[in-house]
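These protein sequence lines map, in sequence, to chains A and B.
Positions 1 to 251 (our numbering) are the ones given, in order, by the first sequence.
Positions 252 to 550 (our numbering) are the ones given, in order, by the second sequence.
Hints are computed from structural coordinates only; laboratory data are not their basis.
Hints may be right or wrong, so weigh each one.
Okay, the calculated bits of chain B under chain A, using three or more residues with CB under 8 Å as the criterion [as the list claims (entries may be wrong)]:
| id | region |
| --- | --- |
| 1 | 453 to 461 |
| 2 | 464 to 477 |
Just a sample of chain A residues kept apart from chain B, beta carbon distances all over 12 Å, derived [stated by the list, open to error]:
| id | residue |
| --- | --- |
| 3 | T7 |
| 4 | Y144 |
| 5 | H205 |
Where a beta carbon is used, it is the ideal one built from N, C-alpha and C, also for glycine.
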Amino acid sequence: MPDTAWTPDQPIVSLKDVHKSFGELEVLRGVSIDVMKGEVICIIGPSGSGKSTLIRCINGLNDIQSGSITVEGLEVHDPKLDKLALRRKVGMVFQQYNLFPHKTALENIMMAPLKVLKEPKEEVAARARRLLAKVRLDGKEDSYPGELSGGQQQRVAIARSLAMNPDVMLFDEVTAALDPETVKEVLVTIKELAGDGMTCILVTHEMGFAREIADHIYFTDRGVIVEHGPPATFFKEAKDPRTKEFLSQIL
Amino acid sequence: MSARRPIPGLGAAPSTDLPVLLPFDRGKGRTPDIYLATRWLASLPPWTPLLILAVMLAWPLVAHAQGRYAYSDAFDALFRWMPFLVFEGFFFNILISFLAMAIGTVAGAALGLAQISLNPMLRRAAWFITQLFRNSPWLVLLFIVLLAFPFEIVIGGVIIPIPDWMKAVFGLSLPIMANISEVVRGAVQSVPTAQWEASESLAFTRRQTMWQIILPQCFKRMIPPWMNWYAILTMATPLCSLLGVEELITLSRQAMEGEDNHPELLVPFFGFALVIFFMYCYPIARATIWLERKYSVKL
Ligand SMILES: Nc1ncnc2c1ncn2[C@@H]1O[C@H](COP(=O)(O)OP(=O)(O)O)[C@@H](O)[C@H]1O
Ligand SMILES: [Mg+2]
Numbered sequence: 001m002p003d004t005a006w007t008p009d010q011p012i013v014s015l016k017d018v019h020k021s022f023g024e025l026e027v028l029r030g031v032s033i034d035v036m037k038g039e040v041i042c043i044i045g046p047s048g049s050g051k052s053t054l055i056r057c058i059n060g061l062n063d064i065q066s067g068s069i070t071v072e073g074l075e076v077h078d079p080k081l082d083k084l085a086l087r088r089k090v091g092m093v094f095q096q097y098n099l100f101p102h103k104t105a106l107e108n109i110m111m112a113p114l115k116v117l118k119e120p121k122e123e124v125a126a127r128a129r130r131l132l133a134k135v136r137l138d139g140k141e142d143s144y145p146g147e148l149s150g151g152q153q154q155r156v157a158i159a160r161s162l163a164m165n166p167d168v169m170l171f172d173e174v175t176a177a178l179d180p181e182t183v184k185e186v187l188v189t190i191k192e193l194a195g196d197g198m199t200c201i202l203v204t205h206e207m208g209f210a211r212e213i214a215d216h217i218y219f220t221d222r223g224v225i226v227e228h229g230p231p232a233t234f235f236k237e238a239k240d241p242r243t244k245e246f247l248s249q250i251l
Numbered sequence: 252m253s254a255r256r257p258i259p260g261l262g263a264a265p266s267t268d269l270p271v272l273l274p275f276d277r278g279k280g281r282t283p284d285i286y287l288a289t290r291w292l293a294s295l296p297p298w299t300p301l302l303i304l305a306v307m308l309a310w311p312l313v314a315h316a317q318g319r320y321a322y323s324d325a326f327d328a329l330f331r332w333m334p335f336l337v338f339e340g341f342f343f344n345i346l347i348s349f350l351a352m353a354i355g356t357v358a359g360a361a362l363g364l365a366q367i368s369l370n371p372m373l374r375r376a377a378w379f380i381t382q383l384f385r386n387s388p389w390l391v392l393l394f395i396v397l398l399a400f401p402f403e404i405v406i407g408g409v410i411i412p413i414p415d416w417m418k419a420v421f422g423l424s425l426p427i428m429a430n431i432s433e434v435v436r437g438a439v440q441s442v443p444t445a446q447w448e449a450s451e452s453l454a455f456t457r458r459q460t461m462w463q464i465i466l467p468q469c470f471k472r473m474i475p476p477w478m479n480w481y482a483i484l485t486m487a488t489p490l491c492s493l494l495g496v497e498e499l500i501t502l503s504r505q506a507m508e509g510e511d512n513h514p515e516l517l518v519p520f521f522g523f524a525l526v527i528f529f530m531y532c533y534p535i536a537r538a539t540i541w542l543e544r545k546y547s548v549k550l
């Protein structure tokens, strides 16, 4: 690819002074984040502070008003950008799983590699089975999403994203809709993924989890990054009163 | 990939939480109830034809005294004409309904997809065409087509005649097209937008998303309204007799003329038409309402 002058020593995802409004409502007011390959980034903050919007901008589900976002050197909001090329690099997992209800678990995973990447069926099927085993759902190949628990659906959704062999994974509060018992099984899956070296950007309310796996934590409030740092310092030495208040409420 | 068993959340109740299909028509109350006629028909008892028959038999008692033409002669005439009325007349109504439905479905599906196109011009044009033909009286559309269309077209020196019945088919397919367009639009928009986003995130193109993710999910929901429009269309085919198309009603009138236009013929002949339409449309109406209930439960 000609315009990917990106090399692994540069940030794989880079946001520079990103501004985003929905009509009059300014949701992101100058956000800058750099993520290196293999890093795990957690974004925390109160509800409505623009975390989902931020993460959705990274794979071009939302457009932006100004600033720039690059993924492996691809300018995300360049009108000439091949959005499909970007989305092959970036996987996304949603709070509501959003599996395709008319397809079985295995078909959900196989669909995009078959139809989008046009890979041979046997290869895709083998990979899909491997991924299903990886998220500990072997035996659920032929179950429809409507027959799986929330936690199981979410793990299928993760496997579905992984089947595209993305370089970056986005997780938007993926455990927020789950029962407390099933939260753990999903977190374990993400943790293993991070351990394998996947670049992950997570929005989460699970502070213990963030502290455990994040390389860097960002705290957002009303469309700006108030404070950020590695977990060790972030949780102990938060300076900004907004951060302190948020942490005191949630911890 | 056909469903091997009922799909939870689409064809059967799911055993877990799942984003549900939104109500089919969020403008309920604002838009007219398309099932009105079908629901009424389906609510009739199955022995309605017997009732009609009873009325037909009892008619001379209430209507007029026995004239020189016996009422039983009228029934004899009806039985004589019956094969002709069914095979030449009613079957032609069915043929018209099939053709109009086929054209209307194909054109309506295209128009419905155009209504949700990303191209604003196309979207607006499709919306306008849909509203225009959906809200025009069917008879007006039939007459416009009849008058506006030439009775023959010439393609490369070959003269192709367009008989009136073909114009009638086309005229009836217009309101069907517009209503199917609304069915398709409503069904597609009843799929949660999160499905679009999930699909987009996996690098599906819009077209792939539509055909592989969205339409398979809402296809079933389109079946009851589609059947509904078919029942309505079939019941509307006698309108074609006003254009002189030789369908059941036209042929019934001709048959009565052949029997010297005795007034006693009216009730048996039109009663028969009523019964035969009922027997054809009633099962469709019942199935429509049954499916509509089945698919509209919150899955
Ligand atoms: N599509 C949209 N249209 C208009 N407003 C939106 C849209 N999406 C989000 N918002 C608004 O943007 C703000 C930030 O939302 P969101 O990014 O979802 O926050 P968070 O994920 O941190 O809870 C909220 O006030 C929300 O109402
Ligand atoms: Mg959110």
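Evaluation of the provided hints:
Residue count for the region 453 to 461 of chain B with a Cβ under 8 Å from a Cβ of chain A: 5. That meets the three needed, and the coverage hint holds. Residues of the region 464 to 477 of chain B lying with their CB closer than 8 Å to a CB of chain A number 3, which satisfies the three-residue condition for coverage. The non-interface label for T7(A) is consistent with chain B: the shortest C-beta to C-beta separation is roughly 24 Å, beyond 12 Å. Once the 12 Å rule is applied to beta carbons, Y144(A) is inconsistent with being away from chain B; the minimum gap is 5 Å.
The claim that H205(A) is not at the interface with chain B holds, since no C-beta of that chain comes within 12 Å of its own (minimum 19 Å).
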